[in-house]
Amino acid sequence: MNIQKIVNGTTYEFLVAGRVDGEGANQLEEQILLAIRADAQIIYVNLQQATFLCSAGLRVLMQYWRQLKARQKLLQATRPSPEADAVLAASGFREMLVEKI
Amino acid sequence: MEFFLVQVSLTNQPKEKQKILQALQKFARDHRLPDKVLQAADLSLEEHLTNVMNYGFEDSQVHEILVRLELVDGGFQIEVEDDGRAFNPLEYPEPDLSVPLSERPIGGLGIHLIKSFMDELGYRREGARNVFQMRKKVTSGG
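Quick mapping for you: the protein sequence lines, in order, are chains A and B. The first sequence maps to residues 1 to 101 in this note's numbering. The second sequence maps to residues 102 to 243 in this note's numbering.
Watch out, some of these pointers could steer you wrong.
Straight-line alpha carbon distances no greater than 25 angstroms define the calculated DMTMM-like cross-link-like pairs of lysine to aspartate or glutamate that follow [claimed, not checked]:
| id | chain 1 | residue 1 | chain 2 | residue 2 |
| --- | --- | --- | --- | --- |
| 1 | A | K69 | B | E204 |
| 2 | B | K137 | A | D39 |
| 3 | B | K116 | A | E23 |
| 4 | B | K116 | B | E204 |
| 5 | B | K127 | B | D220 |
Since the hints were made in silico from the structure, they are not lab data.
Hey, can you work out the whole structure from these sequences and the hints?
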């Protein structure tokens with residue numbers, strides 16, 4: 001999995017490409033934690049190029065969505081690929097976690 | 102030569118999942134499985150093997166996990182066999198998806214995803230081994 005980071009002030013966007021499996025979820029979590037430590041106010045996780053998403057990736061998204069929400073900050077998944085979207089929908093995450101465009 | 106049954110032997114190390122992923126992708130190519138079947142199988146194997154590797158063994162020894170990929174009666178079947186503690190995934194409680202995200206327990210979605218993406222599931226205990234079957238119908242539309 002590859003993660004490209006775009007920073008604009010306190011807004012972070014992570015462009016995730018490839019498999020968000022157990023190992024990929026750990027990589028994503030590390031990047032999110034670094035952003036939180038750098039005082040990110042908004043974090044977007046762009047899943048357009050994510051070819052695979054499993055429950056480990058969902059756990060990371062949910063955990064930090066919740067943590068940031070409690071601090072009046074924001075984490076959202078954006079532009080999910082069909083593969084990622086199917087998993088988000090099946091888990092009931094899509095309505096709450098995915099940015100409405 | 103095409104094989105309609107492929108068996109792959111793994112150990113209970115997370116990096117071993119790469120081996121079954123490669124075998125699954127080759128099997129899907131050889132048998133022209135629709136993308137949706139491959140995606141469902143890939144996800145379900147990842148979830149089940151993660152559960153077996155992370156929670157199935159009470160010691161730190163190396164254990165063998167056998168994965169069989171097979172075409173059976175118009176369906177694609179995956180069978181996973183391990184010698185971990187007895188665990189029937191079908192008895193694992195379903196998550197309540199109506200609970201707001203902010204109140205849901207973190208985790209516990211893997212088995213739910215397997216149930217959502219595969220068409221038929223089965224479990225049996227054979228001696229000291231768990232055998233978990235996952236089956237996906239193969240149609241031209243996936």
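Each hint, compared with the structure:
no.	hint	verdict
1	A:K69 x B:E204	12 angstroms, holds
2	B:K137 x A:D39	40 angstroms, violated
3	B:K116 x A:E23	9 angstroms, holds
4	B:K116 x B:E204	33 angstroms, violated
5	B:K127 x B:D220	22 angstroms, holds
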